[in-house]
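Participant: On the provided structure of chain G, position chain Z as indicated by the hints.
These protein sequence lines are chains G and Z, in that order. First residue of the first sequence? That's 2 in the working numbering, and the numbers climb one at a time after it. First residue of the second sequence? That's 237 in the working numbering, and the numbers climb one at a time after it.
No lab work stands behind these hints, which were simulated from the structure alone. All C-beta atoms, glycine included, are put in the ideal place defined by N, C-alpha and C. Treat the hints with caution; some may be incorrect.
[To be verified] Below are the EDC-like pairs computed for lysine to aspartate or glutamate, each with C-alpha atoms no more than 20 Å apart in a straight line:
{"#": "1", "chain 1": "Z", "residue 1": "LYS238", "chain 2": "Z", "residue 2": "ASP259"}
{"#": "2", "chain 1": "Z", "residue 1": "LYS238", "chain 2": "Z", "residue 2": "GLU279"}
{"#": "3", "chain 1": "Z", "residue 1": "LYS238", "chain 2": "Z", "residue 2": "ASP262"}
{"#": "4", "chain 1": "Z", "residue 1": "LYS238", "chain 2": "G", "residue 2": "ASP233"}
{"#": "5", "chain 1": "Z", "residue 1": "LYS245", "chain 2": "Z", "residue 2": "GLU279"}
{"#": "6", "chain 1": "Z", "residue 1": "LYS246", "chain 2": "Z", "residue 2": "GLU297"}
{"#": "7", "chain 1": "Z", "residue 1": "LYS245", "chain 2": "Z", "residue 2": "GLU272"}
{"#": "8", "chain 1": "Z", "residue 1": "LYS238", "chain 2": "G", "residue 2": "ASP71"}
{"#": "9", "chain 1": "Z", "residue 1": "LYS238", "chain 2": "G", "residue 2": "ASP40"}
[To be verified] Computed footprint of chain G on chain Z, listed as stretches where at least three residues anywhere in the stretch have a Cβ under 8 Å from a Cβ of chain G:
{"#": "10", "segment": "255-265"}
{"#": "11", "segment": "271-278"}
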Amino acid sequence: MTGLSGGVREFVLAFADDEHLMGQQHTEWIGIAPFLEEDLAFSSIGQDELGHAATLYAIVLGGDSDEPVDDRQLDALAFDPDPLRWRSAHLTEIRTDDWAHALVRHWLYDTAEQLRWELVAASTLPALAGAAARAEREEWFHRRHADGLLDVLLPAPEAGERLRAALADLLPIAVGLFDPVAGEVEAVAAGVTAAPFHTRMPEWIDQIRSRFDVDLPAADRSAPTGRTTRSDAFGPLLSRMREVLDLDPAATW
Amino acid sequence: MKRYEVFLKKDGRDEYRHAGSLDAPDDGLALVLARETYLRRAEGDRLWLVDRANLVVGDTEFVAPNADKPHRHNDGERIAERRRRLREEQAPREEGSSS
Numbered sequence: 002m003t004g005l006s007g008g009v010r011e012f013v014l015a016f017a018d019d020e021h022l023m024g025q026q027h028t029e030w031i032g033i034a035p036f037l038e039e040d041l042a043f044s045s046i047g048q049d050e051l052g053h054a055a056t057l058y059a060i061v062l063g064g065d066s067d068e069p070v071d072d073r074q075l076d077a078l079a080f081d082p083d084p085l086r087w088r089s090a091h092l093t094e095i096r097t098d099d100w101a102h103a104l105v106r107h108w109l110y111d112t113a114e115q116l117r118w119e120l121v122a123a124s125t126l127p128a129l130a131g132a133a134a135r136a137e138r139e140e141w142f143h144r145r146h147a148d149g150l151l152d153v154l155l156p157a158p159e160a161g162e163r164l165r166a167a168l169a170d171l172l173p174i175a176v177g178l179f180d181p182v183a184g185e186v187e188a189v190a191a192g193v194t195a196a197p198f199h200t201r202m203p204e205w206i207d208q209i210r211s212r213f214d215v216d217l218p219a220a221d222r223s224a225p226t227g228r229t230t231r232s233d234a235f236g237p238l239l240s241r242m243r244e245v246l247d248l249d250p251a252a253t254w
Numbered sequence: 237m238k239r240y241e242v243f244l245k246k247d248g249r250d251e252y253r254h255a256g257s258l259d260a261p262d263d264g265l266a267l268v269l270a271r272e273t274y275l276r277r278a279e280g281d282r283l284w285l286v287d288r289a290n291l292v293v294g295d296t297e298f299v300a301p302n303a304d305k306p307h308r309h310n311d312g313e314r315i316a317e318r319r320r321r322l323r324e325e326q327a328p329r330e331e332g333s334s335s
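Pulled out of the complex, with its shape left as it was, chain G reads as follows (with noise of 0.2 Å):
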């Protein structure tokens, strides 16, 4: 089994990070979410995230073989305690304490993630192509699920404000999704996405501005970092993914 290499690696596994992450920060919503009902549905989007994640591991480790990846392969690769392996978007790592910062990363990251799957719809990678499918069955229910919630919170008073002001905070943040990693070059050049990510970016503002109704500036890409570089927030968020392993770093699972 041959795994992927070079820059189409750094490509797909930026994309595993990302959503591994996501599916990390909505799943610590159990228990604590506003109701049980959203306590229930927000962790379960949480799953799927981590279900593509698992898909674009695979897909990083295994290429376009047939043969499953193994598991403890997986893990290693998935819980790497090396931040230098790393190349997930910052507002994948950060902590959000209160729910509206919840709420408007789930619709920023949901937004810009249709954006994403859509350009390697036609992969010359099939896995990845088919993955893509098999993704946006499930993510059409996830925006539906954020903006049915936006929908009801907006327009009141207080929650509207609230939302409002996370979204001027995350949205710096947010617009380091569009960062590419330096092998998307090489991706691109070998169709296995359609064209840099950042190119789809004006959309995704576009659907911001009449999302929540706010006047933003024309799109701004902040200085790109080839996302080689991590938050504050990464140590404490990956110590928290590992605390299991690291109990007993000796264990085999």
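Facilitator: Then chain Z, alone, in the frame of chain G:
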């Protein structure tokens, strides 16, 4: 928040059955939340939600008076008992004739 009663059924099988209830701010979110609360494990593929405000409810005093009229009950117990007795009476004869 409104309260909804949730009914599920499998396509082509059974009747709609009450699965539980649900709190949601409106009909659209009630559908979304019902899917995650009651259908995550494919418990059904048909869903009805009823806003509890729309239920026609008979109160206990109105419904209960017939509870003390056992002569109207038709639970089949007496017939079942008689058939059981007849079966038991026949059983030894059948055994005898087959041997």
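Participant: All hints, please: hold or fail.
Facilitator: Verification of the supplied hints:
1. Z:LYS238 - Z:ASP259: Measuring from Cα to Cα gives roughly 6 Å; hence the hint holds.
2. Z:LYS238 - Z:GLU279: Given pair LYS238 (chain Z), GLU279 (chain Z) is violated - Cα atoms ~23 Å apart, limit 20 Å.
3. Z:LYS238 - Z:ASP262: holds (7 Å)
4. Z:LYS238 - G:ASP233: With Cα atoms ~41 Å apart, LYS238 (chain Z) and ASP233 (chain G) exceed 20 Å; violated.
5. Z:LYS245 - Z:GLU279: holds (8 Å)
6. Z:LYS246 - Z:GLU297: Violated, at about 35 Å.
7. Z:LYS245 - Z:GLU272: holds (16 Å)
8. Z:LYS238 - G:ASP71: violated (47 Å)
9. Z:LYS238 - G:ASP40: The given pair, whose Cα atoms are some 17 Å apart, holds under the 20 Å limit.
10. 255-265: holds (count 7)
11. 271-278: holds (count 4)
Hint compliance for this structure: hints 2, 4, 6 and 8 are not met, and every other hint is.
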